[in-house]
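**Q** Here the protein sequences line up with chains A and B, keeping their order. The first sequence begins at 6 in the numbering used here and counts up by one. The second sequence begins at 173 in the numbering used here and counts up by one.
Hints are supplied without guarantee of correctness; some may be wrong.
[Stated by the list, open to error] Beyond 10 Å from chain B on every Cβ pair, some chain A residues (computed):
#1 Arg9
#2 Glu22
#3 Ala76
#4 Arg82
#5 Ala85
#6 Cys87
#7 Ser94
#8 His97
#9 Pro116
#10 Ala136
#11 Glu157
#12 Arg159
[As the list claims (entries may be wrong)] Simulated pairs of lysine to aspartate or glutamate, EDC-like, Cα-Cα distance not exceeding 20 Å:
#13 Lys397/B <-> Glu122/A
#14 Lys397/B <-> Glu143/A
#15 Lys224/B <-> Glu188/B
#16 Lys397/B <-> Glu218/B
#17 Lys363/B <-> Glu122/A
[What the hints assert, rightly or not] Counterexamples of contact, computed for chain B against chain A with all Cβ distances above 12 Å:
#18 Ala179
#19 Ala186
#20 Arg195
#21 Ala199
#22 Arg216
#23 Gln258
#24 His288
#25 Glu371
#26 Tyr398
#27 Ala402
#28 Arg437
#29 Pro459
#30 His475
#31 Ser509
#32 Ser526
Note that these hints are calculated values from the structure, not bench results. Beta carbons: idealized from backbone N, C-alpha and C, even for Gly.
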Amino acid sequence: MDERFSDPLFLQRTLSEYAQGFAALAGAFRAPAGPGAVDFGTIQQSLVAGYQRLFTPGGLDAAAPPSVSGAAFERYRRAAACTTELAASIAHDASRRLAEALVASDPGASPITSLRELHALWIDCGEAAYAEAARREEFASAQAELLMALVELRAAAA
Amino acid sequence: MSASRLALDPVRTAAEMAEFAQRMARATAELASLDVRTEGCTPRTEVMRRGKTVLWRYACEAPDGGLAPLVICYALVNRPYMLDLQPDRSLIRGLAACGLDVYLVDWGYPDRGDSHLSLDDYVNRHLGACIDHVRAAHGVGEVNLLGVCQGGTMSLCHTALHPERVRNLVTMVTPVDFHTDDNLLSRWVRKVDVDRMVEVLGNVPGALLNAAFVALMPLRLTVRKYTGLADLAGDRAALENFLRMERWIHDSPDQAGTAFREFIRGFFHENRLLNGGLQIGGRPVDPQRITCPILNIYARQDHLVPPAASRALEGLTGSRDYSAFEFDGGHIGIYVSRSAQELLPRTIAQWLRSR
């Protein structure tokens, strides 16, 4: 059993975190630039941070040792920076897709009248952006490099 | 500035947000009061143990004497109680209700002392000992073997190495071709230096594998799932379902380093079941030696084992009796969805009876 799950507060913290994400989405759309208009650029910027956290490879820290210095740490730092950059890129693409999906290019497109609908669209756009990026060689390489950098950190700390 | 589909009314949005927060808080509190710590729901008996591997036999009120006992070989990854999660979501219970005498191979939780366990140990010795126990207990020469996910791959290997022990083989969401274009997990794994990883870590943490599985669809498997919990507030049964699933997801055993390295290299890196050249315990694993009837069950929306990865089994073996069943669902739905409960036990039992 994952030790974190044995902590009775783990699930509550997780749920709280995602509930805050839902609230943050609402907050991003709270103040349109004017009646009937939305400043997608501002919204996109506000969503990128949220997306970025979601796309950063999770769980790898399960193997992370205490901090060490030297070559292993430098390799880890570079690998982490690379995946963070990739995550940011995916987040930008996801936000761009969401902005596009919210533009009524098709006169028949149904209006988004609830946060629930907006949230579902947000997830679809994010997953689509991620799926496209995750199939690329550079994504696989970055993930593998981060994993192996963590392994080397562990080795260095031993 | 652009014309927008957004038509959020501020008052209604505020009310929706408040209701969401309220329902989420209620669901979270209700979850905290639940306890679903069980490893399955169908009565069972431990009939054999080798190392951490346990063979369970499940209660069956009216076994069909005409059918050979069914041995289920689960994956090394995750725990097998997914097959017996709760009374109305139990493939095992469904199979037993169809008159099948069901056994389950449970690999347990490998610890540091098990890091040397190899595929030879798992596929030949442990699975072999389980099958031999069932053969002896029933006085039969062959069993029916059902392999699930990675356990299906292991079952294919076992059957190729010991064809005389298996009367019929059922594979379920089983990867055979590990290099299909749509296999995201395989794309990632092929970049990993598994030798170095195992050299340093010994056993591979289950949490690491879990993270990789979630990373296949991170938003659906986290954001959508967790925010969807608000809809379950006040529904005790649904919350129990949710909690059982969460517990199962986080209940991921560490992987014995040697077997993990062999599996990753032989299957993910080199795709040797398909390409040839696979060896386990120094013996070649030739799929052509599998001549028993095969039922290959896969899931149309499987994000973990894409259908093409499973369909590759057709024509690979020496069997002249190959059937396939495509389930309309995903990798988890095939165990726990309502349609799976209605379809799969009946399909498997009917297929076995007709052989």
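**Q** Next step is simple, just say for each hint if it's right about the structure.
**A** Comparing the hints with the structure gives:
{"no.": "1", "hint": "Arg9", "verdict": "violated (7 Å)"}
{"no.": "2", "hint": "Glu22", "verdict": "violated (8 Å)"}
{"no.": "3", "hint": "Ala76", "verdict": "holds (15 Å)"}
{"no.": "4", "hint": "Arg82", "verdict": "holds (19 Å)"}
{"no.": "5", "hint": "Ala85", "verdict": "holds (15 Å)"}
{"no.": "6", "hint": "Cys87", "verdict": "holds (13 Å)"}
{"no.": "7", "hint": "Ser94", "verdict": "holds (15 Å)"}
{"no.": "8", "hint": "His97", "verdict": "holds (15 Å)"}
{"no.": "9", "hint": "Pro116", "verdict": "violated (4 Å)"}
{"no.": "10", "hint": "Ala136", "verdict": "violated (8 Å)"}
{"no.": "11", "hint": "Glu157", "verdict": "violated (7 Å)"}
{"no.": "12", "hint": "Arg159", "verdict": "violated (6 Å)"}
{"no.": "13", "hint": "Lys397/B <-> Glu122/A", "verdict": "holds (15 Å)"}
{"no.": "14", "hint": "Lys397/B <-> Glu143/A", "verdict": "violated (28 Å)"}
{"no.": "15", "hint": "Lys224/B <-> Glu188/B", "verdict": "violated (50 Å)"}
{"no.": "16", "hint": "Lys397/B <-> Glu218/B", "verdict": "violated (35 Å)"}
{"no.": "17", "hint": "Lys363/B <-> Glu122/A", "verdict": "violated (38 Å)"}
{"no.": "18", "hint": "Ala179", "verdict": "violated (4 Å)"}
{"no.": "19", "hint": "Ala186", "verdict": "violated (9 Å)"}
{"no.": "20", "hint": "Arg195", "verdict": "violated (10 Å)"}
{"no.": "21", "hint": "Ala199", "verdict": "violated (8 Å)"}
{"no.": "22", "hint": "Arg216", "verdict": "holds (20 Å)"}
{"no.": "23", "hint": "Gln258", "verdict": "holds (19 Å)"}
{"no.": "24", "hint": "His288", "verdict": "holds (19 Å)"}
{"no.": "25", "hint": "Glu371", "verdict": "violated (8 Å)"}
{"no.": "26", "hint": "Tyr398", "verdict": "violated (4 Å)"}
{"no.": "27", "hint": "Ala402", "verdict": "violated (8 Å)"}
{"no.": "28", "hint": "Arg437", "verdict": "holds (15 Å)"}
{"no.": "29", "hint": "Pro459", "verdict": "holds (28 Å)"}
{"no.": "30", "hint": "His475", "verdict": "violated (10 Å)"}
{"no.": "31", "hint": "Ser509", "verdict": "holds (21 Å)"}
{"no.": "32", "hint": "Ser526", "verdict": "holds (40 Å)"}
In this structure, the earlier hints numbered 1, 2, 9, 10, 11, 12, 14, 15, 16, 17, 18, 19, 20, 21, 25, 26, 27, 30 are contradicted, and the remaining ones agree with it.
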